[in-house]
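Going down the list, the sequences are from chains A and D.
Quick note on numbering: the numbering used here labels position 454 of the first sequence as 454, and the sequence is numbered without any gaps.
Quick note on numbering: the numbering used here labels position 198 of the second sequence as 198, and the sequence is numbered without any gaps.
No lab work stands behind these hints, which were simulated from the structure alone.
Note that the coordinates shown come from a computational prediction; the quantities given were computed from them, not determined experimentally.
Check each hint, because a few of them may be wrong.
The calculated label-pair distances, taken between Cβ atoms and stated as ranges, are [stated by the list, open to error]:
1. A:347 x D:72: 25 to 35 Å
2. A:235 x D:70: 41 to 51 Å
3. A:77 x D:252: 23 to 33 Å
4. D:191 x A:138: 32 to 42 Å
5. D:436 x A:170: 25 to 35 Å
6. A:106 x D:427: 46 to 56 Å
7. A:13 x D:414: 22 to 32 Å
8. D:147 x A:292: 52 to 62 Å
9. A:37 x D:347: 51 to 61 Å
10. D:347 x A:307: 46 to 56 Å
11. D:469 x A:376: 31 to 41 Å
Chain A stretches covered by chain D per the calculated footprint, using a threshold of three residues with CB under 8 Å from any CB of chain D [what the hints assert, rightly or not]:
12. 71-82
13. 105-112
14. 201-212
15. 301-314
16. 357-370
Here a beta-carbon is modelled for each residue, glycine too, at the ideal position from N, C-alpha and C.
There are 2 protein chains.
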Amino acid sequence: MALIFELGQTADEPLYRQLYRHLRDQILAGDLNPGVRLPSTRSLADRLSIGRITVTQAYDQLQAEGYVMRRLGAGTFVAEALPLPGNGAATESVAQERPALSKWGRRVVQIDKSPSRTGETIRAEIDVDFGFGRSFPHIFPYAVWRRLLARYLSTDDVMLSRYGSAAGFHPLREAISDYLARLRGVHCRPEEIVIVNGAQQALDILARLLLNEGDEVLVETPGYTDAFAVFQVYGAKLGALNVDEHGFPVEAIPPQSKARLAFVTPANQFPHGGAMPAERRLALLQWARKAQALIIEDDYDGALRYEGQPLAALQGVDEGGNVIYLGTFSKVLFPALRLGYVVLPPALLHPFLKAKSIVDRGAPTLTQAAVADFITEGHFERHLRRLRKEYGRRREILVAAVEQYLGANVSYAAEPAGLHVMLYLHSGLDEGQVVANSAEAGVRVYPGAPYHLQKPAPPSILLGFSGLSEEQIEDGVRRLGTVASN
Amino acid sequence: MALIFELGQTADEPLYRQLYRHLRDQILAGDLNPGVRLPSTRSLADRLSIGRITVTQAYDQLQAEGYVMRRLGAGTFVAEALPLPGNGAATESVAQERPALSKWGRRVVQIDKSPSRTGETIRAEIDVDFGFGRSFPHIFPYAVWRRLLARYLSTDDVMLSRYGSAAGFHPLREAISDYLARLRGVHCRPEEIVIVNGAQQALDILARLLLNEGDEVLVETPGYTDAFAVFQVYGAKLGALNVDEHGFPVEAIPPQSKARLAFVTPANQFPHGGAMPAERRLALLQWARKAQALIIEDDYDGALRYEGQPLAALQGVDEGGNVIYLGTFSKVLFPALRLGYVVLPPALLHPFLKAKSIVDRGAPTLTQAAVADFITEGHFERHLRRLRKEYGRRREILVAAVEQYLGANVSYAAEPAGLHVMLYLHSGLDEGQVVANSAEAGVRVYPGAPYHLQKPAPPSILLGFSGLSEEQIEDGVRRLGTVASN
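Extracted from the complex, chain A is given alone in its bound form (with noise of 0.2 Å):
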């Protein structure tokens, strides 16, 4: 039997592990047949100048993975018909090709997915990103988040040790309950709320849990694209309307229309920007109840108004069971907290429960527990006082900057809220020149077009504030309307 073996001291791998692996791998590549003895630990030993020790340790592990059986005074010998990769038939039908998807995973392969927002795919040196949906590190309380963090990472603390419940924890479920109703007009007890891995996850869970192959999702365009793409895996079609400055067009729904799920942001319509009047809203209920429909409203920035007060919440009228409510921390505190909540209807509750118990088992409590103290404490609320003046200011300094360089190439919704303004191009300008010009130029703005159902989409781009000083708005801005104007 030859054993060529070069051992190398790493600090990475012990000796017997390499030794180990060595005689695995021939024994896999049938180097070492079967029934072979082994040489004996003290003689294998002397010839590689290693311990027996070592040896032995090797053998050991052979043997617990059932590669190697020793017998009593006879020696250390490989298994006996191991079924190799190398032997019998099985061999010839060997499946390299990709594995067989589901019906589910060839539409999610084939599905037009809106480009990340993380930014990995420009090149150009970039100066002010207009990346959206972020928040603005420096106003962010660390030390007061990183003192809540530390009060539940005692040893004394059970909570952690365990699996915590699918619902989520309860007391961030009462202090969200409480936080809704003042701030929201939101009315639900705790028990109603279910603490989600962000939002999306909430997406997904009523996707599935109400969504057949072919049904039709009414839906905004230009819209969260991020949400369409969740109903679309499932087989869902979508029936988009236009929206105007007052959001979702109630009116606009064809009587036709079979669709029994519709997708709104009535607080203020993502990525167009303006809110929906009493009207609509009362429109879209009266529609819901008598289509027998359920309404997700994606609050998702709902509490970042600029002026006045937030406008409460679609939920908060809502008499007939039909709205589900969506939330998120996200945008109000950070986005890699990664955590959401929805409010069901109380004929929902209890599937969306199950459903989340069986497909996830909740969000890390450690997060949840320091979010509601961040809430019940009164630091949520300080924290969203200053949010509005940062955020409000910035989005001045923007729409000013906007109309001093971009004037009357562009319009967009005058509607003081949220964390971005989308800007729609005239004059002819080209929406995939201006990103790529601005970006020659250091600024990155991003595309309109994957936001629009409309094909061909109007020229726009968005710019997001909430990540940048005023110093990089005003910059950027300018920047842009030297690329535009050319």
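Keeping the supplied structure of chain A fixed, place chain D upon it in accordance with the hints.
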């Protein structure tokens, strides 16, 4: 116009908000008719003995939301043509009944899920809870963890203020790749690892990617029924094989089986205990290549072996790209962390990543960054060594106590691994009775039936030891012995 209104000075809701809400509700109830003129701000303020600014704020909010209209010089009027709930034919078909659930939703509601592990359902006074899958809080190095978290909670860091990558935080993927190679015999590049919100999320995505309705999945029984539920909600049929002390009986796969997916726990069969020897592992790989099938290797506690070295993963000897490896930090750090990972064969990587980016935005960056440092700075392996020592001792004490107090009444797998022991009950002992009587005696043990697909299931109970002190284990088994020998 009657305007009966009681304002209360409450800390929670500002006066203007109470007035707004009261007026809105009157409009919605039809008590204030469309077109009706509201009192002037001055006269209403006088009538209610509140400041005029309060009334103005309430009117502003009503106007912003579209419930009232201001006409210059004429006053404030209830909006015309509001489609109120009480108006028109719509009310006749008010949909108070359950929303129509999808096929998936109906399966979710109907599925028989294994009981929760959180211990919410038992009412008796419990002194010793043999809950399993827990971690022992006093062992975790909280001070280190706190320090690592704090590192990323500085205001200079933009990491938290943006959305992370759906694939996971790259340094964590690197750290896991390195750890898996050294300690679990798994071979992969960091790019083949995707971070998930717990292994359950990975299963949920894999089930959708790989299963069509009616497809068969080979599973172990007793087995990890939480995984089975995920397969079943997508309409898959379970092909269950009875495990023995060497885990999944590959040779029992029926030759006519059309299954193209198998779910196994090779390192330490859940919940029975026992490792798959090399012969079965290689036979399973051979089956997969021949059947062009995929194997999900759930290595939920593979690192927790108390004698010798942990057994290398199945993934490491797979040459056909047929193995999907699942890992979790729930068992080796703490369950409430909610962080897992999946190692994908090359052909599945893109579909999985695309699916994940559609249904979810990725795990919390902060936690990922802290875990990455925890691994690369050596804390993880130190912690693993400590866990092996602490849990190994607890297991020994449990097994000794079982021998002493339950003796010939039970049998169990002798494998020194995992976080629980499953006891099969002999001498006609009734599982439900033992669970109930134990609870009466202040000891919570867990019924084995929910983990068995064979009916009737052989009576068994599960005893987790990882969340208990040595004294509690001894005490609990002693009490159990009294109950079980009655």
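Exercise. Between residue 347 of chain D and residue 307 of chain A, does the beta-carbon spacing fit 46 to 56 Å?
Worked result: Holds, since residue 347 of chain D and residue 307 of chain A (Cβ atoms, about 53 Å apart) stay within the stated range.
Exercise. Are residue 347 of chain A and residue 72 of chain D spaced within 25 to 35 Å by their CB atoms?
Worked result: Given a distance of about 46 Å, which is not inside 25 to 35 Å, the answer is violated.
Exercise. Does the Cβ-Cβ separation between residue 469 of chain D and residue 376 of chain A fall within 31 to 41 Å?
Worked result: 33 Å, holds
For this session: May I ask you to test the hint 52 to 62 Å on the CB atoms belonging to residue 147 of chain D and residue 292 of chain A?
Result: 55 Å, holds
Exercise. Three or more residues of the segment 71-82 of chain A near chain D by CB distance under 8 Å?
Worked result: holds (count 3)
Problem set entry | Consistency of beta-carbon spacing, residue 70 of chain D to residue 235 of chain A, with hint 41 to 51 Å | Because 48 Å falls inside the window, the suggested range holds.
Exercise. Within 23 to 33 Å or not, the Cβ separation of residue 77 of chain A and residue 252 of chain D?
Worked result: 26 Å, holds
Exercise. Is it true that the C-beta distance of residue 106 of chain A to residue 427 of chain D lies inside 46 to 56 Å, as the hint says?
Worked result: Cβ of residue 106 of chain A to Cβ of residue 427 of chain D: about 54 Å, so the range 46 to 56 Å holds.
For this session: Given the hint of 22 to 32 Å, check if residue 13 of chain A and residue 414 of chain D actually sit that far apart at their C-beta atoms.
Result: 29 Å, holds
Exercise. Per the hint of 32 to 42 Å, is the separation of the Cβ atoms of residue 191 of chain D and residue 138 of chain A within bounds?
Worked result: 33 Å, holds
Exercise. According to a criterion of three or more residues whose C-beta lies within less than 8 Å of a C-beta of chain D, is the segment 105-112 of chain A covered?
Worked result: holds (count 4)
Exercise. Checking C-beta pairs, does the segment 357-370 of chain A have three or more residues closer than 8 Å to chain D?
Worked result: Three-residue rule met by the segment 357-370 of chain A, so holds; n is 11.
Checked against the numbered hints above, the structure breaks hints 1 and 9 and satisfies the rest.
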